[in-house]
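Take these sequences, add in the hints, and give me the full structure.
Line by line, the protein sequences give chains A and B. Here the numbering used here is used: the first residue of the first sequence is 303, the next is one more, and so on. Here the numbering used here is used: the first residue of the second sequence is 162, the next is one more, and so on.
Simulated from the structure, these hints should not be mistaken for laboratory data. Treat the hints loosely; a few may be bogus.
[Unchecked claim] Residues of chain B placed beyond 12 Å of chain A at every Cβ, according to the derived structure: (1) Ala170; (2) Ala181; (3) Leu191; (4) Glu205; (5) Leu208; (6) Leu212; (7) Glu251; (8) Glu252; (9) Thr255; (10) Thr256; (11) Arg266.
[To be verified] Pair by pair, the computed Cβ-Cβ distance ranges are: (12) Lys241(B) <-> Met730(A): 18 to 24 Å; (13) Thr228(B) <-> Arg376(A): 44 to 50 Å; (14) Leu349(A) <-> Pro183(B): 25 to 31 Å; (15) Thr775(A) <-> Pro183(B): 55 to 61 Å.
All C-beta atoms, glycine included, are put in the ideal place defined by N, C-alpha and C.
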Amino acid sequence: MGMKGRWFRRRPSDDEMREELEAHVAMRAEHDGVDEAAARRRLGNILHTRESMRRVWIAQWCDALRQDAHYTWRSWRRRPAFAMSVVLVLALGLGASTAMFSAVDRILFRPLPYGDADRLVNFGMAFPGVERPDQSHVLLHAGDYPERWKPAPEPFTAVTTTADAGHTCDVTEQQPERLLCADVESNFLQTFGVRVVVGRDLAPEDDVRGAPPVAIISDPVWRRRFGADPGVIGRTIDLNGKRTRVIGVLPAGFAVPGGKADILEPQQLSPSDGRLLVAFGRLKSGVTPEQAEAAIASIIDAPSKSTNNLRSAPYRPRVVPLRQYLVGDTSRLAWLLLGAVGGLMLIACVNVVNLILARMAVRNREFAVRSALGAGRARLARLAITESVLLALAAGAIGLLLAAAALRVFVRLAPSSIPEIDQASLDMRVFIVAGVLALAAGIAVGIWPALSVLRRRALHYGSRATAPARPRTRFTLVTAQIALTVALLAGSALLLRTLWNLVAVPLGYQSERVVTMTVIPNVARYAADVRGPFFERVLEHIREIHGTSAATMSSAAPPNGVALAGMNFAIDHQRAPLALRSPIRLRDVTPGYFQTFGIPILRGRAFVEAHRTGQPAIILSESAAKILFPGQDPLGHTVLAGGGKDWAEVVGIAREIRNTGPTEEPAPEIYTLWRRNGSSVAAFSNMAFFAVRTQARTSDAVAFLKQAVADLDPQLPVTIRILDDEVARLTERPRFLAWLLSAFAGLALLLAATGLYAVASYLVTQRTRDLGVRIALGAAPGDMARDVITEAGRWIAVGGAGGALLAWMTTRAIESQLFEVAAADPVSWAAALAVLGVALLAAVVQPAARAAHVNPIVALQADE
Amino acid sequence: MAQENPQAALELLILKTLTAGPNHGFGIALHIEEASSALLRVEEGSLYPALHRLDKAGFIDAEWTVTENGRRARVYRLTKDGRKRLKEIEESWTTLAEGVKRVLRWA
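As structure tokens, this is what we get:
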């Protein structure tokens, strides 16, 4: 019987319905012995009946939606200005939100490309920020790593490390190419739950000193260099001059956590390794990072059998979930940005609700007519929702275009420290989110007018041509808008102050007029013994560049540098080395360094050219002097640094520089003299760093430097930067935040001001008759204007106060992004409120003026 | 059910009528009038929407057949779901009717 089931009932056609009713009429006529007309009358209004029958079957909302859409379209065409302003305001909010979502998606939401990534953690000892002050540095010493962490202790199921997650390495055969290589432990991929797609993974045998060199190549390298040939396994490539056998291919989309790599090589630790390792572990299920932290504390604190831990700083154990490791405190920034854009979106919605309410007032007559013609209140309410949803969807489409444009600007301006920001794009995920957001916005702004339709009775519609006044609602909305705007304004004021303070921090070196150049010669063409002399020739060349007042060559330069922790230092010929656990920056420099960067020598003397062939010498920064020679005068003492073999005399103390940016404590610096017969630091690396202080324009100096190197070797790639730009990059995050939040706040202010303007205008229009009477009775025009301004001022004050309260709570969220300014900074707050007051009062000037110029005769006639 | 839904009375009558066997709309209207000794007169304008509503809900099935006097008619028959539904409405309806009767008696 019930074969048709419940959900798939066949809908009878219109013809069937007609026939069924006709059959009824015929049977009734026959049975009662009357004519068909009488029988038909008995059935009532047949059209109506058939419509009711049809309505039973039609998925009603679908049909109604089509009607509403059609109707909405017609009403837009009649009043394009209204539709356009709604769409524009919403598109602004949706565009900003969409762009922001796609920017932070990878930071906050998108799943990581590793197997069971929730259990992966970065662990080790917390080192103070060195290269990247904005990221935590959780590291392990390579020397005692196997002793402490192998096999994987509780609470891990596996533990792996990378010694270097991305250093340049050159393919030195036909088609030479510069790639990024990562040195990893043999169980690296296994721990991350990733498998090679071709060939085999690294094996423990590959990961011992002296094993034949092997490499796993990335998917892009496989495609680019080997045409995706599965026969690549067993072939060799010359990597940094070593014939290296390819053993496997990485899956597409794999990224070494926290780095970039085209090639994985075994790291081949040795017991005397001074490197620092980044360690990752897979936690046993059910173990939280906090529990793991407690568990590894004893492993870290245990005395080492193999190394001397003198003066070891108390390192805290740290276990960081992988996502947090990858994005660092950027997630906080990301939430902040989402919050800000959410505020903007909310303001846009409130603005639109206001516009719609204004429009509803005008449309009362229309609703009255529709109601009189039999449209139910529910139907009218639905129309209101449909209208706003359609408007929002149109806005969403435009918003996507805006988002595409905004994202490009955004990516270009975003600080490079935001991970994977360059990957942000508008893909399917973003489209879906944008769609959902538009839908939600449409419903949110439609609900108010829909409710107000539902509340009314049909009778009220026709009572008067002018609207039942609802300025209270509209003022409340404007007030809410003002309040949200205050929160954004206060945030942006605080961030601008922060930026101001940051830029004002003296870095300890003079960055203006300095141009820097990094030279990394190809190791195949420049063997270790050729490199040194070549660097010397480059230095001589750039010294002769027109306008150069000082030039230097070094192994690193501010604001960057190689920081090493766990380095061995011996003092005054005592052979027992001191394993200094705090990171120290070690730079090989030529004598021009201090002059080029404008770093004063506080005591002792600077390096001189003559010493480059004589006795080794070093200069310490103030903090380095305190660490190595606590309570003593370091001058004249000798130091053996970093496993070198030459004892160097401390000849001077240099002023501390803020080498990791304005917000960080300066890291200790040890400057060693770059000697002609070889550099101790440069021996580790194949790069040299040059800097000139120029009297010429920096852009000219850039060109000159390029030319100077090209004269020596036209094929040698160099990276040239202007130091001022590099220094600006240190503050790029607060700069970016301040810029973005100010833009949001500006937009919000604009929206709030237009909202207030619209309501004030409405108020004046509505009271025109009233005002006319009062003027006719002798009130001064000025009084009228004052009334309007007083009324608006009251709402501004309420909104401002509410906003201050809101901002008081929300600015806590940005406290961590502030620098030397309290969240309650009176200057910022006063500035924010002043800007708000001025902008909003400006918005009511025109309506107020209109109120003052109401012509009583016209006003009294107008409302007949 | 019955108390809340003004259409429930009509639905009850339709479903009850169909327990006697499949019937078309007019037949159902006629049966209701006759069975109630013309006390109840079916509002024919709402009969057909109600039939279609029951059809859509799966309580009755519809089929075109030819009647004894050669007329094409849409004939409805009760489904299993429909019988269950009928039982529910009948129960709640009797309860209501009983309640109303008592109140009237004592009022």
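Consistency of the hints with the structure:
no. : hint                                : verdict
1   : Ala170                              : 17 Å, holds
2   : Ala181                              : 15 Å, holds
3   : Leu191                              : 7 Å, violated
4   : Glu205                              : 5 Å, violated
5   : Leu208                              : 8 Å, violated
6   : Leu212                              : 8 Å, violated
7   : Glu251                              : 19 Å, holds
8   : Glu252                              : 21 Å, holds
9   : Thr255                              : 25 Å, holds
10  : Thr256                              : 26 Å, holds
11  : Arg266                              : 37 Å, holds
12  : Lys241(B) <-> Met730(A): 18 to 24 Å : 45 Å, violated
13  : Thr228(B) <-> Arg376(A): 44 to 50 Å : 47 Å, holds
14  : Leu349(A) <-> Pro183(B): 25 to 31 Å : 28 Å, holds
15  : Thr775(A) <-> Pro183(B): 55 to 61 Å : 58 Å, holds
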